[in-house]
Amino acid sequence: MSVVAIPARPHPVARPNRQRTGPTLTITLDLTPGPLSPRLARLVQLLGELAESGEGQMSATDTAAVVPEPPPAATTDFDHVRILAGSRAVRRGERVVALTRIEYDLLLFLAEHPRRVFTRLQLLSNVWGYEHAVLRTVDVHVRRLRAKLDGVEVVTTVHGVGYRLADEARISVDHTR
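Numbers 1 to 177, taken from the working numbering, label the letters of the sequence shown in order.
Don't read these hints as lab results, they were simulated from the structure. Treat the hints loosely; a few may be bogus.
As the list claims (entries may be wrong) - With a straight-line Cα cutoff of 20 Å, these simulated DMTMM-like cross-link-like pairs (lysine to aspartate or glutamate) come out:
# : residue 1 : residue 2
1 : K148      : E49
2 : K148      : D105
3 : K148      : D79
4 : K148      : E94
5 : K148      : E168
What the hints assert, rightly or not - What follows is a set of in silico ranges between Cβ atoms, one per label pair, in the way DEER data are often shown:
# : residue 1 : residue 2 : range
6 : P35       : G160      : 55 to 63 Å
7 : G160      : Q45       : 40 to 48 Å
8 : T137      : L40       : 41 to 49 Å
9 : T157      : Q45       : 32 to 40 Å
Note that CB positions come from ideal geometry on N, CA and C, so glycine has one too.
Build the full structure now, drawing on both the sequences and the hints.
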C-alpha cells in the first residue's frame, strides 16, 4: 500500500519547521503481490517523480513491491540528461532536476537545435518570446541552468557571439512523455 500527499495548489518547498497550510490530496493504492501492469507502473513512476521534485510526499509500507527498480545501466549514467517534453520534466540519470519555466524552455530549445550558435537576442526572441530585455538576462539563466545540472556540460559559450548546445552534451528529448 502506498500513500501520496500532493498539495492541491503549488506551494513553496516546505521548510522542516513549517506545517503545510493548504489542502492535500491523498492517493492510496492497494496493490496485489506480483508484477504491476504497465499503466499502474507508469502511475507509480509519475507519483514518484512528483515526490522527487518536492511537489509531494511519498511513503510506502513496502517500497520494493511498489516502486520497481530501475535497470542497472540507467543508474550508472549520471551525466545523461533526458528532457521529457510531455511532462516538462528534466532528469539527470535517475534524478529529477527542478528547473524554472525559462530554464526548461532554454534547455529544450538548445537541445532541439544542436550544433547551432544563437546570439542572446535570438534566444530572447525564441525562448522568452520578446526582444525587449537586457541581454544579460540570458547569461543569468544560462548560469543558473549550468548550476542546476551540477557540472554536466550542456551549454557552451561561443565568445563574442552567444550560446549553443555543447558538442559533448549527453542529452535526449523524449516527446512522448
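Okay, the hints, checked on the actual structure:
no., hint, result
1, K148 <-> E49, "holds, 17 Å"
2, K148 <-> D105, "holds, 14 Å"
3, K148 <-> D79, "holds, 13 Å"
4, K148 <-> E94, "holds, 15 Å"
5, K148 <-> E168, "holds, 18 Å"
6, P35 <-> G160: 55 to 63 Å, "holds, 56 Å"
7, G160 <-> Q45: 40 to 48 Å, "holds, 44 Å"
8, T137 <-> L40: 41 to 49 Å, "holds, 43 Å"
9, T157 <-> Q45: 32 to 40 Å, "holds, 36 Å"
The structure is consistent with each of the numbered hints, conforming to all of them.
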